[in-house]
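Asks: Here the structure of chain Z is known, so what remains is to put chain C in place on it, guided by the hints.
Number of protein chains: 2
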Amino acid sequence: MSTELEPFSFAKRIPTTPSIGSTTVTKPDHIHLSFGFAAPHLFPIELLSYAAAEAVTQQGRKALQYSGAPGPGKVLAWIQNRSKLNDIHVDTDQILVTYGSTQGIDLTTRILVEPGDHVWVEAPSFFSALQAFRVAEATITSFPIDENGVRVDLIEEALIDARSNGKRIPKFLYTMPTYHNPGGVTLSIPRRKQLVRLAREYNFFILEDDAYSELNFSGKRYPSLYSLFPERVIYLNTFSKIIAPGLRLGWLIADKSILTKARLLNLGGSIGVFTQEIVAKLLDEFPFQPHIESLIAHYRRQSDVMADAIRTDFGDHVTFHQPEGGFYIWLRFQDHVNTTEFLQDAADRGVSFVDGRSFYVNAEAEGHSYLRLCFSYVSEDQIVRGVQKLADAYFAYLSKTMSST
Amino acid sequence: MSTELEPFSFAKRIPTTPSIGSTTVTKPDHIHLSFGFAAPHLFPIELLSYAAAEAVTQQGRKALQYSGAPGPGKVLAWIQNRSKLNDIHVDTDQILVTYGSTQGIDLTTRILVEPGDHVWVEAPSFFSALQAFRVAEATITSFPIDENGVRVDLIEEALIDARSNGKRIPKFLYTMPTYHNPGGVTLSIPRRKQLVRLAREYNFFILEDDAYSELNFSGKRYPSLYSLFPERVIYLNTFSKIIAPGLRLGWLIADKSILTKARLLNLGGSIGVFTQEIVAKLLDEFPFQPHIESLIAHYRRQSDVMADAIRTDFGDHVTFHQPEGGFYIWLRFQDHVNTTEFLQDAADRGVSFVDGRSFYVNAEAEGHSYLRLCFSYVSEDQIVRGVQKLADAYFAYLSKTMSST
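Which chain is which? The protein sequence lines are Z and C, in order.
For what it's worth, my numbering labels the leading residue of the first sequence as 17, then goes sequentially.
For what it's worth, my numbering labels the leading residue of the second sequence as 17, then goes sequentially.
No lab work stands behind these hints, which were simulated from the structure alone.
The beta carbon of each residue, even a glycine, is placed where N, CA and C say it ideally should be.
Careful: at least some of the hints might be erroneous.
Just so you have them, the derived chain Z footprint on chain C, three or more residues with Cβ under 8 angstroms [unchecked claim]: (1) 115-129; (2) 215-223; (3) 261-270; (4) 287-296; (5) 334-348.
Computed cross-link-like contacts, DSSO-like style, restricted to lysine-lysine with a CA-CA straight-line distance of at most 27 angstroms [as the list claims (entries may be wrong)]: (6) Z/K272 with C/K28; (7) C/K272 with C/K209; (8) Z/K183 with C/K100; (9) C/K28 with Z/K28; (10) C/K272 with C/K236; (11) C/K90 with C/K100; (12) C/K90 with Z/K43; (13) C/K272 with Z/K28; (14) Z/K236 with Z/K272; (15) C/K100 with C/K236; (16) Z/K100 with Z/K90; (17) C/K90 with Z/K28; (18) Z/K272 with Z/K100; (19) C/K43 with Z/K90.
Okay, chain Z solo, but in the shape it has when bound (with noise of 0.2 angstroms):
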């Protein structure tokens, strides 16, 4: 029976090469500036303890069949009032609770995309995004970033030269308008509605990825695209940075014909019932707004600690934006700096970044300048720490470089 057997024919879209991300380090002492996750100290884990038992034994029979149908009601009416905030008002029958806002994005991109298909990004970008679009065969365009987010009116004239000269509208834009992975940036309100009105001229969707517009440092509010222009906005959000990562509990908010498309590719599946039971159980019980208000100050000192931390050990040497919310400072140095190559030399000292190419739709070409830093994951003295090893991998790569020319 072991005779040779041929090679097989598999799907062309699936592409063959690993998908991108941070180097994977094991030393316990090893400070990750790469993770975007989470501070685990902050999560709610007696309370979650105390949900999760509770809801197991209160709705456990129904919470573990396939639809148990009071706790994802309670989630779904929840993201439906805590969406308010955001001049989000729908129906629950536009909300889906997806796997994590990355199934979200998965979704959004089977609806839309065929092969040949365009898909705008923004650039840098979520390689996560990136690699969903790949999968789908989509021709990926991206358009820089500036301290007001995309550039809008570059966006503009890929239109007008589109259909002036016969090219292809994009299905959709994909877009983090709202304390930016990796940039740390914010979309103006005024290219926040010269976009939308772009996307009803030439219609187009937009996929609004909101996952850290809760841990806004700075108080100032901006209007979710969603709240512009719900016809042809699909909007994404996640638990991940609000109560924990691992829940994998997210939720997408469209106009019912996306709905209606995205829970047929779900083959009928209820998503995660059990979680949700938990999670419903976890908001009935939860002060959420002091919650949120300890997010933002921790993430907020933190985001000053890495702030003052790369003046004082970059000085002139890298420009950045400090972030009025989330996760990320996204650093530039001078163009003729190549972040990978002092990637592995930072983890020989102990700390890790990821690159600027990561987040680049051509990773050979582009971002090779920028490196992505975040402090939401790590104590402040690992962000002092941290980012003078970072300093140190860096200058010691620069010496290198200068004396080889």
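Replies: Chain C alone, transformed into the frame defined by chain Z:
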């Protein structure tokens, strides 16, 4: 801003028809012989409640991060160990934990199928699987089952015909060889050997959906198809039937080339980390074998009660194969009977079933003289009363159609 929007061109591969399934009925005394659900009173509620609280308390910060290594590791190790009972001997990196076996079907389809590729299925088959294949724009061909499972002789004929006449060989065959849903039948050992021989000779994959194999009433064991041909069988199983469906946790076992692609499609997301930690804790504490034995004893008795009730109430109006395991009895009426035509009357009388055509590729033309009953979710008393009501609906339908002809 309320100008009319142009219509939008969605991806063509997403159908606009809703999924088919059971009728929705909300009367509290309604008897659901349609639901293919596990019996809620057999869920290990107390232990799950304890495991949930303990897992969160002990492993909480890890469990709630993206990747809690110990928990998922434990679940993988449990699956690896338990699989040996099915003669499946694999490394843990050949096991992917999924959101139920439905996600396994979806991932496999996306990995193997280009639009227009051929997928072969059993007639009848699982409707969510058929939906996944339709969404992937596969060309679906079905092969009948009899009391020994799918007619492998007809599959061989079709393969010979395909090779001789330049027709397409399927990318994969989707099969539920053990305690088929809805057929209740089990693929015989000679047919299992013949089927894997064909897969080897013609170089196609087999997607083996093994959701029910633990629920073995007869004690007779069948080798999994995976154990006969690990290179070209993708094996699916789930905790849905043996712990609880609401966990939405299943697994896929396959060659590493498949696993690599499946992980890529998951976009780097860990699957239900939190739920995995709880299940790991449960499995740690759980007298699993006695639990399985009590499930088997219960479902075996339910199956007997239903079979007796059918014989009493339907006499020679129906034929069926009494299952050696699983959840289902598949009733065959005379060819001129259309079970869809008494679905509503039965619902009005207080009993639901799934009409046969819902399990067929061509629901307009096939399966009309069959229906599926599920004995797992209801009590013995409900089985007896439900089958009686069903017989009332059937005989009322019969006298109406006979008098009108």
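Asks: Each hint: holds or not?
Replies: Hint by hint, here is what the structure shows:
| no. | hint | result |
| --- | --- | --- |
| 1 | 115-129 | holds (count 10) |
| 2 | 215-223 | holds (count 3) |
| 3 | 261-270 | holds (count 4) |
| 4 | 287-296 | holds (count 7) |
| 5 | 334-348 | violated (count 0) |
| 6 | Z/K272 with C/K28 | holds, 18 angstroms |
| 7 | C/K272 with C/K209 | holds, 23 angstroms |
| 8 | Z/K183 with C/K100 | violated, 56 angstroms |
| 9 | C/K28 with Z/K28 | holds, 18 angstroms |
| 10 | C/K272 with C/K236 | violated, 31 angstroms |
| 11 | C/K90 with C/K100 | holds, 16 angstroms |
| 12 | C/K90 with Z/K43 | holds, 22 angstroms |
| 13 | C/K272 with Z/K28 | holds, 18 angstroms |
| 14 | Z/K236 with Z/K272 | violated, 31 angstroms |
| 15 | C/K100 with C/K236 | holds, 16 angstroms |
| 16 | Z/K100 with Z/K90 | holds, 16 angstroms |
| 17 | C/K90 with Z/K28 | violated, 34 angstroms |
| 18 | Z/K272 with Z/K100 | holds, 18 angstroms |
| 19 | C/K43 with Z/K90 | holds, 22 angstroms |
Checked against the numbered hints listed earlier, the structure breaks hints 5, 8, 10, 14, 17; every other hint is satisfied.
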